[in-house]
Amino acid sequence: MSMTNSNAARSLDEIQRAQRRSAAAYSYQKASPHLIVWGVIWVAGYSTTYFRPQANAAVWLILVLLGVTADFWIGRRAATESSHAHGRRFAASLLAAFLFFVALFTIMPPPSGAQVGAIIPIFIGLCYAIAGIWKQGLRFVLLGLAVGALTVAGYFWLARFFLLWMAAVGGGALILGGLWLRRV
Amino acid sequence: MEQPNPTIHQPIRLKIMAALKALPPREWLEFTRLKAILGATDGNLGAHLGTLEESGYVEAQKDFVRKKPRTRVRLTGAGRRAFEEYVAYLREIVEQAEQSG
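So the protein sequences, as listed, match chains W and G. In this text, residue positions in the first sequence follow our numbering: the first is 566, and each later residue adds one. In this text, residue positions in the second sequence follow our numbering: the first is 210, and each later residue adds one.
In case anyone wonders, no lab produced these hints; they're calculated from the structure. Take every hint as true, because none was put in to throw you off.
Straight-line distance between alpha carbons at most 27 Å, and here's what the computed BS3-like set of lysine-lysine pairs gives:
#1 G:Lys230 with W:Lys700
#2 W:Lys595 with G:Lys271
#3 W:Lys595 with G:Lys276
#4 W:Lys595 with G:Lys230
#5 W:Lys700 with G:Lys244
#6 G:Lys244 with W:Lys595
#7 G:Lys230 with G:Lys244
#8 G:Lys244 with G:Lys277
#9 W:Lys595 with W:Lys700
#10 W:Lys595 with G:Lys277
#11 G:Lys244 with G:Lys276
#12 G:Lys271 with G:Lys230
#13 G:Lys244 with G:Lys271
One-sided and incomplete, this derived list gives chain G residues near chain W with beta-carbon spacing under 7 Å:
#14 Ala231
#15 Arg242
#16 Val303
#17 Ala306
Predicted, not measured: the structure shown is a model, and the values here were computed from it. Backbone N, C-alpha and C define an ideal beta-carbon position, used for all residues, glycine too.
Next comes chain W alone, as it looks inside the complex (with noise of 0.2 Å):
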C-alpha cells in the first residue's frame, strides 16, 4: 500500500478541513454560553437604565460583578475535564477590557451615557470579528459585525429610544448570536 503525491497532498488538505471545522465548532461551543449570559445581561442593564437611570450605576456594577462571576462559573465548569486555563483567560481578557476602558474614559470622557453605552458594545463586536479571523471562525465574525453595525444604527437612527434598542436588539442578537453557536 504506497501512496502517491497527489494523495498525500490531497489528505493532509482534508485533515486541515476537518480540524479547522472542529476547531471552529469548539470555539463555539465554549463561547456560547458566555454570549446567552452578556446578552441576559445587556437586556437587564440596558432596559433599567432607560426606565430609571438615575440608578445607572449601581445596576450596572451588580450586573458586571454577576456576569463576571457568571463567565468563572462557566469557565470552571468547562475546565474539569480539559485545559484549566481556560478560566483563566477569559478573566484576564475581561480584566484587559476592563482596563482598556478605565484609560479610555479617563483620556477621554464620554459627553453623554449614551456615548458610553454605545463604545462598549462596538468594541465587544470588534473583540468578536477579529477572534473570528483569527480562529477562522466565521460565526464570531458575523455576530461581531452585527453587534457592531446595530449599535452605530441605534446610536444615530433611533437616540430617543437607544438604550431600549441596545436592551432588545443588542442584548438580542448576544442571546440568539449564542444559541446559533451550540448549533453546528
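For chain W, the structure is supplied; the task is to place chain G on it using the hints.
Chain G in isolation, oriented as in the chain W frame:
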C-alpha cells in the same frame, strides 16, 4: 514509515482523527457534533469509531445528560502519536515529490 498506518489511512477515520486532534488534549467531543463536523451518518461514524477504539486510538464515554443518552469520544495518547506519525508520513511524500520535481 514505509507503509501508511492502515487504520488511519481510511478517509473517514483520517477525518475523525484530524477533528479530534484539533481539540485540546484530553478534551471530549460529542458524537452528534463529530457527526455534523464530518457530515457522516450515524452508522458509518459509529463503525469507524469502533475500529479506532479497538486500535486504542480513541476512547468513548457514554453517560446521560438530563435523562438523554450522550456519547463522547476523544483521542488517546497512542492515537495522538499515531496521527502525528501519519501526518509526518504524508508530508514526507509531498516533500520528496517537491524535491525530485
